[in-house]
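> Chain residues, written in single-letter form:
Number of protein chains: 2
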Amino acid sequence: MAIQLKLFLLLWTSAVAVTSAAQSSTRPNIIFFLVDDLGWNDLSLPISGQVTANNKKYHTPHIEQLAREGIIFREAYMTPVCTPTRVSLITGVNAARHRVTNWTSPRKDHNTDAEDEQFSPAAWNINGFSPEPGIPRSFYGTPLPQVLRDNGYFTIHIGKAHWGPRGTAAASPHNVGFIVNVAGHAAGHPQSYLPEEEYGNMPGKGSFQSVPDLEPYYQTDVFLTDALTKEALKAIDYPVSQDQPFFLNLGHYAVHTPIMGDKKYLQPYLDRGLDSVEARYASLVEGVDKSVGDILAYLKQKNIHKNTVFIFASDNGGLSLTPPRGGTAHTHNLPLNVGKGSVYEGGVRVPLIVKYDGVAKQGAVSKNYVLAEDIFPTLLEIAGIRDGKVIQQIDGKSFVPALRDTALADPERVLVWHYPNKWRSPDGPGINYHSALRRGKWKLIYNQRNGKAYLYDLQRDIGETNDLSAKNPGLTKELTRLLGQKLAEYGALMPVDKKTGRQLAYPE
Amino acid sequence: MAIQLKLFLLLWTSAVAVTSAAQSSTRPNIIFFLVDDLGWNDLSLPISGQVTANNKKYHTPHIEQLAREGIIFREAYMTPVCTPTRVSLITGVNAARHRVTNWTSPRKDHNTDAEDEQFSPAAWNINGFSPEPGIPRSFYGTPLPQVLRDNGYFTIHIGKAHWGPRGTAAASPHNVGFIVNVAGHAAGHPQSYLPEEEYGNMPGKGSFQSVPDLEPYYQTDVFLTDALTKEALKAIDYPVSQDQPFFLNLGHYAVHTPIMGDKKYLQPYLDRGLDSVEARYASLVEGVDKSVGDILAYLKQKNIHKNTVFIFASDNGGLSLTPPRGGTAHTHNLPLNVGKGSVYEGGVRVPLIVKYDGVAKQGAVSKNYVLAEDIFPTLLEIAGIRDGKVIQQIDGKSFVPALRDTALADPERVLVWHYPNKWRSPDGPGINYHSALRRGKWKLIYNQRNGKAYLYDLQRDIGETNDLSAKNPGLTKELTRLLGQKLAEYGALMPVDKKTGRQLAYPE
Numbered sequence: 000m001a002i003q004l005k006l007f008l009l010l011w012t013s014a015v016a017v018t019s020a021a022q023s024s025t026r027p028n029i030i031f032f033l034v035d036d037l038g039w040n041d042l043s044l045p046i047s048g049q050v051t052a053n054n055k056k057y058h059t060p061h062i063e064q065l066a067r068e069g070i071i072f073r074e075a076y077m078t079p080v081c082t083p084t085r086v087s088l089i090t091g092v093n094a095a096r097h098r099v100t101n102w103t104s105p106r107k108d109h110n111t112d113a114e115d116e117q118f119s120p121a122a123w124n125i126n127g128f129s130p131e132p133g134i135p136r137s138f139y140g141t142p143l144p145q146v147l148r149d150n151g152y153f154t155i156h157i158g159k160a161h162w163g164p165r166g167t168a169a170a171s172p173h174n175v176g177f178i179v180n181v182a183g184h185a186a187g188h189p190q191s192y193l194p195e196e197e198y199g200n201m202p203g204k205g206s207f208q209s210v211p212d213l214e215p216y217y218q219t220d221v222f223l224t225d226a227l228t229k230e231a232l233k234a235i236d237y238p239v240s241q242d243q244p245f246f247l248n249l250g251h252y253a254v255h256t257p258i259m260g261d262k263k264y265l266q267p268y269l270d271r272g273l274d275s276v277e278a279r280y281a282s283l284v285e286g287v288d289k290s291v292g293d294i295l296a297y298l299k300q301k302n303i304h305k306n307t308v309f310i311f312a313s314d315n316g317g318l319s320l321t322p323p324r325g326g327t328a329h330t331h332n333l334p335l336n337v338g339k340g341s342v343y344e345g346g347v348r349v350p351l352i353v354k355y356d357g358v359a360k361q362g363a364v365s366k367n368y369v370l371a372e373d374i375f376p377t378l379l380e381i382a383g384i385r386d387g388k389v390i391q392q393i394d395g396k397s398f399v400p401a402l403r404d405t406a407l408a409d410p411e412r413v414l415v416w417h418y419p420n421k422w423r424s425p426d427g428p429g430i431n432y433h434s435a436l437r438r439g440k441w442k443l444i445y446n447q448r449n450g451k452a453y454l455y456d457l458q459r460d461i462g463e464t465n466d467l468s469a470k471n472p473g474l475t476k477e478l479t480r481l482l483g484q485k486l487a488e489y490g491a492l493m494p495v496d497k498k499t500g501r502q503l504a505y506p507e
Numbered sequence: 000m001a002i003q004l005k006l007f008l009l010l011w012t013s014a015v016a017v018t019s020a021a022q023s024s025t026r027p028n029i030i031f032f033l034v035d036d037l038g039w040n041d042l043s044l045p046i047s048g049q050v051t052a053n054n055k056k057y058h059t060p061h062i063e064q065l066a067r068e069g070i071i072f073r074e075a076y077m078t079p080v081c082t083p084t085r086v087s088l089i090t091g092v093n094a095a096r097h098r099v100t101n102w103t104s105p106r107k108d109h110n111t112d113a114e115d116e117q118f119s120p121a122a123w124n125i126n127g128f129s130p131e132p133g134i135p136r137s138f139y140g141t142p143l144p145q146v147l148r149d150n151g152y153f154t155i156h157i158g159k160a161h162w163g164p165r166g167t168a169a170a171s172p173h174n175v176g177f178i179v180n181v182a183g184h185a186a187g188h189p190q191s192y193l194p195e196e197e198y199g200n201m202p203g204k205g206s207f208q209s210v211p212d213l214e215p216y217y218q219t220d221v222f223l224t225d226a227l228t229k230e231a232l233k234a235i236d237y238p239v240s241q242d243q244p245f246f247l248n249l250g251h252y253a254v255h256t257p258i259m260g261d262k263k264y265l266q267p268y269l270d271r272g273l274d275s276v277e278a279r280y281a282s283l284v285e286g287v288d289k290s291v292g293d294i295l296a297y298l299k300q301k302n303i304h305k306n307t308v309f310i311f312a313s314d315n316g317g318l319s320l321t322p323p324r325g326g327t328a329h330t331h332n333l334p335l336n337v338g339k340g341s342v343y344e345g346g347v348r349v350p351l352i353v354k355y356d357g358v359a360k361q362g363a364v365s366k367n368y369v370l371a372e373d374i375f376p377t378l379l380e381i382a383g384i385r386d387g388k389v390i391q392q393i394d395g396k397s398f399v400p401a402l403r404d405t406a407l408a409d410p411e412r413v414l415v416w417h418y419p420n421k422w423r424s425p426d427g428p429g430i431n432y433h434s435a436l437r438r439g440k441w442k443l444i445y446n447q448r449n450g451k452a453y454l455y456d457l458q459r460d461i462g463e464t465n466d467l468s469a470k471n472p473g474l475t476k477e478l479t480r481l482l483g484q485k486l487a488e489y490g491a492l493m494p495v496d497k498k499t500g501r502q503l504a505y506p507e
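So the sequences go chain by chain: F and P.
Quick note: the first sequence, position 51, residue 50 per numbering that gives the first Met the number 0, numbers continuous.
Quick note: the second sequence, position 291, residue 290 per numbering that gives the first Met the number 0, numbers continuous.
Just so you know, these hints were derived from the structure itself, not from any lab.
Among the clues, some could well be false.
[Claimed, not checked] Lysine to aspartate or glutamate pairs mimicking EDC-like chemistry, simulated, CA-CA at most 16 Å apart:
{"hint": "1", "chain 1": "F", "residue 1": "233", "chain 2": "P", "residue 2": "404"}
{"hint": "2", "chain 1": "F", "residue 1": "451", "chain 2": "F", "residue 2": "507"}
{"hint": "3", "chain 1": "P", "residue 1": "366", "chain 2": "P", "residue 2": "404"}
{"hint": "4", "chain 1": "P", "residue 1": "233", "chain 2": "F", "residue 2": "149"}
{"hint": "5", "chain 1": "P", "residue 1": "262", "chain 2": "P", "residue 2": "195"}
{"hint": "6", "chain 1": "F", "residue 1": "233", "chain 2": "P", "residue 2": "149"}
{"hint": "7", "chain 1": "P", "residue 1": "233", "chain 2": "F", "residue 2": "131"}
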C-alpha cells in the first residue's frame, strides 16, 4: 500500500477564495474541540435560549464561560452519526456527496449496516475517507489539516480520529495532514476511559478500541479525558515556543459509550438523584467541561488567548437509546426529539460555540446555520488561506461573516441530511433509511422505506411532534421534490430494494 | 503524575562546550539509525578488516555503500543489553552512573533481574530514564532530543524506544523531547513483525509488545522494518519542506527476537544451507539493510544527502543464546566471544558507521574508541550546540575530532562496563554479575561472583580466549584496582550478598 500524498490538485475556488475579509498580520491559532455524542442540550449553558431540564442536570461552567467570551450558534448541525460528520469536517463535503454515510468499522471492507429485510446496503464508502486515490469504497479528497499544514500551520491531532479503517491510510492522522498524533486511529470509541484499565490495553484484552499512545498514564489516576487534555497542551507547547500558528484538532472520546463514570465528578450527580448511568454520563460531560477550562487557562497563561480561535462542537446529537443510556429512549435531548442516529433535531443539532477575540462578539447568539461541511472553508478563511488547493468540490460555506456580524443569517439556505443506511434494529423515529431537509422554519423528514414525508414547523415546534404534512400537502410536495433534486445534485446513494435489486428513486 | 519538563538546569560544560570546531552555516540533519541486537559482524561488510564467515553469510549491500561513503569505527562499544545503552545514548552518562544497568520491564516497579541464589538484586533504576524528577528508581536527566529540539531541531522518533516503563513519562517519546513519535513506547521488542498479525495488535492478543501507531499497514504486505522506514521518510518530509534541520532517531525493532522471517529475503539463505532460524535472522538483517538503502536514496532524491549525517549502530552485541538462535551458543559473533548480555567483546562491541559528507573521510576506518555515552556530546557538536543545558554530568566525549582526522585515537582512554545484574539463568561467559575494563590492548573481565579477574590481549586475541592474568599478575591487579576506582567514581551499584545483606565491595 503506497502511503503517498501526491495528489492531482485542482484549484479550489469556493466562497472563501473570493471573500475579502481583512487579514490579521499574525494568523490565529485554531482549536477545534470536538466532543463525541454530546447532545445539543447536555450543558448547564441554556443553549436553546431557555433553561431546560438538561441545563439543570449538567454542570459545565467552563463552557458557560466560553459562551460568554464567544458566540453561540444555536442552529448548528452535523450528520446523525460519527464518521459522516468527521469526513465532512475534514473535506468540506456533504455526506450525501462523499458517501461515507454511516460509521466506519475499524475493519477494512466491513459494512457496518445492520441486516435489513427490505433493503440491501447501499454501495456507500465503507472504507471512509482516503487521502490517497485508488482505495476502493473510500472518499478521496484533500484533508483540511493538510491544507493548513502546507500553509504554515503546525497541525496536531489528539484523541478520537475515526476517518478510515485499519489497513487504510486514514487510520493514521499522520496521513491526514497532522504533524503530531496522539491517540487517534481507526476506532470510534475507547475500550475504556480508565487508567487502571490502561484505556483498553491490558495484556490479553486488546481490541479495536484499545486507545494508543497513552502509556505514561497507565495505572495513574488520570482519566482518559484528562490525559488527552494534557497531551494537547504539551503538543501545543512546541509551536507556541516557535511562534508558529497551530491547528489543534482535539477529538475527545467522551462522551461516547462505554458510559464510565469519572469518579472526580460522580457523587454530586448521584446525590441529586440521577440514576447510575445518567450520573456517569453527566460526569463524562463535566470532564469535557474541565478540559475546556484547562485549555482556556493555558491560553491565558501563555498569553495567546486573544489570538486563538476556540471552536467547541459535538459530532452528532446525544445518544438516546436505552440501554445504554438510563431513563426513557428518545427523550434525552428534550426539547429536541430523538437523538443520535436520527434525522430529527435531536440527532443532528449540536452545540457550537466559537470564541474569536477581536472578531466574534462576546456573549452573542447567532441564528446562522452551520453544517459540518462549513468548518472546512471557515477554518481556511480564519487561517487566511485563499488559494487552498483541494481536489474535492466543497459544499460548505464559511461562517466567518456571521462571526463578524451576529445579525447575519441565511434563512433560505437549504440544509440536507441523508442516511441511506441501517444504524441498528429496530427502526426508531427518523432512525435508519431517512433523509431530511430544512428550509427556513420548515423541516421535512423523509422515510426512504415508504416514501412518506413529515413536515414540522421548527419555529413553533422545535420538538418536531406536530406533523403538518397533511395540512400543507403542497409545501410537503415541494420540499420533497427539492430534497430529491438536492440528492441528485450530490449524486447521493439510495438504499437498494431487495426485491428489485435496484436503488430506490430519489424522493419526488 | 505531572508530565512536566520544567527542570532545574545546570550549565553543561563538558568537552563539547570548549571544542572550537568550525560551524557550518546550515546545521546538518542527523539520522541516528539504531539496530536492535545486531552483532558487530552480522554484515557482508568486513568490519573487522578481514572477511569472516559471518560476512559471507549476510547480505547488506547498502550498509557496504554507507561504509564506502563514511567512516567505520572498528572499536565502538555499547552496554551488554538494551535499556542501559539507550539511556546512555540519550543522556551521555555511563551505565555505572545512571544505574539503569539492566533492561527495563514495560511494567513499572518491576525488577527484571532473574532470581539468584547468591545475590539479591542491586537497587538499580528499574524504572529507567525519567525526564522529570521524583520518579522512584529512575535516572533523571535532560534527554538529548530535548536539547536538540530546544535548539531548533525538528525531532522525530520512529520505532523502538524502551526508555522507561508504562506509567512513567519516558514511556512516550513525546516526553523525551521528540515532536513526532511513531511506534515507540515502553516495550523492548515487537510482538510480531508481520502485517498479517497486525504487529501484535490482533483483537484479544494484545500484549506489552503490541507495536502502536501502524494501523494503516495492517493486513498489507508491509513488514515491520519497512513500515518504520516509510514512517521515518514521511516524518522527515515536513522539516525538509520547512528547511528546518531534523534529528531522526530511527530505532528498528529488528533484529531482536521474535526471529521472524522476512519472506522477501528468506529463500536465498535457506538455499545456501542456513538453518531455518538463522535464515530468518539473516532475512531480518537484510531488511534493515534495505532500510538503510531506502533512506540513502531518499536523501539523494531530496538533495539533502550532503547535509545529513547518517549514524548507523547497534545497541549491543548479537544475541548468541540457543535457542532462540540456531547453531551453537556463544559463537554467533565469531571472531568475537559470546554475545548479548556478556561483557566479552561479542556482547558489547557493535558496528558503528558514520557518513558525514565534507567532514568524515569517505571509506576510512577509525580506531578511535566510541562508547554509548559519546553519542550525546557528539550529536550536540554536530548540531553546533555549545551551551546545551543539561542537569546530568556527561561522561561521554564527542568523536567529531575523529571524524575530521581518521588517524586520531585516544588509546589510553579507559573504558568501563558494569553489569551488577542477572540477565538470565544459567550464567554464561561474562554473562550476569560482571564488570569489564579496557585500556589500550588490554581487556580485563571481572566476575563479581568470586572476584576473579581475567586478562586478554585484544591486539593478538580479539576472541578473548587466552587468559593472561596468571602470566601478568601485576597488570591484572593494577587494572582490577583501576576498575574499582572507576566504579567508585561513577557511584556504581554492586550486587547485594544474600548472606550479609550488603553490597559487595568494589574490585580491588
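> List in ascending order the numbers of the hints, as given earlier, that are violated by the structure.
1
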